[in-house]
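There are 2 protein chains.
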Amino acid sequence: MKLLIVSTSKIYGSGYMEYLLDELKEFYKDTDEILFIPYARPSGISHDEYTEYPKKAFAKIGKTVKGIHEFEDPKKALEESTGIFTGGGNSFVLLKTLYDLGLMEVLKKVIKSGTPYMGSSAGSNITGMSIGTSNDMPIAYPPSFEALQFVPFNINPHYLDPDPNSKHQGETRATRIGEFHHYNDQKVIGLREGSWLRFENNQLELKGKLDARLFAKGEEAKEYAPGDMSFLLS
Amino acid sequence: MKLLIVSTSKIYGSGYMEYLLDELKEFYKDTDEILFIPYARPSGISHDEYTEYPKKAFAKIGKTVKGIHEFEDPKKALEESTGIFTGGGNSFVLLKTLYDLGLMEVLKKVIKSGTPYMGSSAGSNITGMSIGTSNDMPIAYPPSFEALQFVPFNINPHYLDPDPNSKHQGETRATRIGEFHHYNDQKVIGLREGSWLRFENNQLELKGKLDARLFAKGEEAKEYAPGDMSFLLS
Numbered sequence: 001m002k003l004l005i006v007s008t009s010k011i012y013g014s015g016y017m018e019y020l021l022d023e024l025k026e027f028y029k030d031t032d033e034i035l036f037i038p039y040a041r042p043s044g045i046s047h048d049e050y051t052e053y054p055k056k057a058f059a060k061i062g063k064t065v066k067g068i069h070e071f072e073d074p075k076k077a078l079e080e081s082t083g084i085f086t087g088g089g090n091s092f093v094l095l096k097t098l099y100d101l102g103l104m105e106v107l108k109k110v111i112k113s114g115t116p117y118m119g120s121s122a123g124s125n126i127t128g129m130s131i132g133t134s135n136d137m138p139i140a141y142p143p144s145f146e147a148l149q150f151v152p153f154n155i156n157p158h159y160l161d162p163d164p165n166s167k168h169q170g171e172t173r174a175t176r177i178g179e180f181h182h183y184n185d186q187k188v189i190g191l192r193e194g195s196w197l198r199f200e201n202n203q204l205e206l207k208g209k210l211d212a213r214l215f216a217k218g219e220e221a222k223e224y225a226p227g228d229m230s231f232l233l234s
Numbered sequence: 001m002k003l004l005i006v007s008t009s010k011i012y013g014s015g016y017m018e019y020l021l022d023e024l025k026e027f028y029k030d031t032d033e034i035l036f037i038p039y040a041r042p043s044g045i046s047h048d049e050y051t052e053y054p055k056k057a058f059a060k061i062g063k064t065v066k067g068i069h070e071f072e073d074p075k076k077a078l079e080e081s082t083g084i085f086t087g088g089g090n091s092f093v094l095l096k097t098l099y100d101l102g103l104m105e106v107l108k109k110v111i112k113s114g115t116p117y118m119g120s121s122a123g124s125n126i127t128g129m130s131i132g133t134s135n136d137m138p139i140a141y142p143p144s145f146e147a148l149q150f151v152p153f154n155i156n157p158h159y160l161d162p163d164p165n166s167k168h169q170g171e172t173r174a175t176r177i178g179e180f181h182h183y184n185d186q187k188v189i190g191l192r193e194g195s196w197l198r199f200e201n202n203q204l205e206l207k208g209k210l211d212a213r214l215f216a217k218g219e220e221a222k223e224y225a226p227g228d229m230s231f232l233l234s
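If you read the sequences in order, they're chains A and B. Okay, so the first sequence: first residue is 1 according to the working numbering, each after it adds one. Okay, so the second sequence: first residue is 1 according to the working numbering, each after it adds one.
Keep in mind the hints are simulated off the structure, nothing from the lab.
With a straight-line cut-off of 27 Å between C-alpha atoms, the simulated DSSO-like cross-links for lysine-lysine are: (1) A:Lys-108 x A:Lys-66; (2) B:Lys-167 x A:Lys-55; (3) B:Lys-167 x A:Lys-222; (4) A:Lys-187 x B:Lys-96; (5) A:Lys-222 x A:Lys-2; (6) A:Lys-167 x B:Lys-56; (7) B:Lys-167 x A:Lys-10; (8) B:Lys-187 x A:Lys-96; (9) A:Lys-60 x B:Lys-167; (10) A:Lys-207 x B:Lys-167; (11) A:Lys-167 x B:Lys-55; (12) A:Lys-167 x B:Lys-209; (13) A:Lys-217 x B:Lys-96; (14) A:Lys-167 x B:Lys-10; (15) B:Lys-96 x A:Lys-96; (16) B:Lys-29 x B:Lys-209; (17) B:Lys-60 x A:Lys-167; (18) B:Lys-167 x A:Lys-167; (19) A:Lys-63 x A:Lys-209; (20) B:Lys-167 x A:Lys-209; (21) A:Lys-96 x B:Lys-217; (22) A:Lys-56 x B:Lys-167; (23) A:Lys-167 x B:Lys-222; (24) A:Lys-187 x A:Lys-222; (25) A:Lys-167 x B:Lys-207; (26) A:Lys-108 x A:Lys-25.
Computed from a prediction, not measured in an experiment: that's the story for all the values here.
Bound-form chain A, shown alone (with noise of 0.2 Å):
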């Protein structure tokens, strides 16, 4: 398997994807042509509007885009591509659609036999044991938050730190994690926005500028600075 698990699709001050285009550039270096999976719809936008973004960006490093949705068989493009992109959005609606059209063997079979992933947000969600820890609000059902299992832990993408001059009553990112190990026994890392993990030869990198925060079961949050992270596989 061949993975970039992504914070997020821009970070403060920066155009989509425009932090990320170097690693791209050599994460997709076998493929010219990139499916992008629009499914998650951030803001309700249509999937042709959302595939404009992943176009635009990608045409910087001379790699041209399609949605899914421009194919009449989505499995067969699936099982056609040779690079693969799921942008960010609603984490809900992203599992309940690949669910709904079926996709999620063949995503996981295409994966499995070595075609490059990146997932971004809600996309990078869907990479980890469940959407049970995606920031994302309730507005579909899908038939289960069992998600696509690449990697054998949870992804919190957009991490936050507590803001300690919050008068707000609403729980931090931490105490939902926390409640979420009352639960649920995988470890979760939380990604903090311009942070991501790749994936590949069996190792797992944190790559960007930042340290991301690993939370297990029953134990104190660490943070880790970038590089291997490969002891989260086992």
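Following the hints, position chain B against chain A.
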């Protein structure tokens, strides 16, 4: 029906339920014993630990509190109760527990026949059409997102206005509710911390000092000052 739909159990700088005690005294004036539903388990605390909070708060207005988990037969406890309060925490865990224990129908029955019901945060979420506008992490998978449907709209508790200075790329609350309306038709009321709705004699009133924000599909969101909101019932 007699309902209090409360955004939060605590406002900044004040103790558990402290800001609401005058309202509670009057709302529960016909009963001395409150049945507490602790299933939402904030921070994953136990049912016993959680029940201590309302016990202490209600003692200040001369009322005793028993947790529903203390009864051998929770259905019978609901049927015999003269005042019910469901606390906040995680809406997914709360709704799953109510479904798993077969308590949804009996709750509907007793509330519709007049037992006063207060819900706070997650406990208020479940009074609406669905938990589809919860802010919580989906740490458990309920058999449905359908809620008690005492009111024909959805609640967004702890409603937060966008922070104009934020550099975070995660969706604002308003964006999330806008996404909700791509897949769902019911109106959504954003209740800020310190606001609550009171339903009685077929009238709905917004109470507290703050305005609430109403989101309707395909319309601009609107602010409403405290006062009559009965138009939401039709």
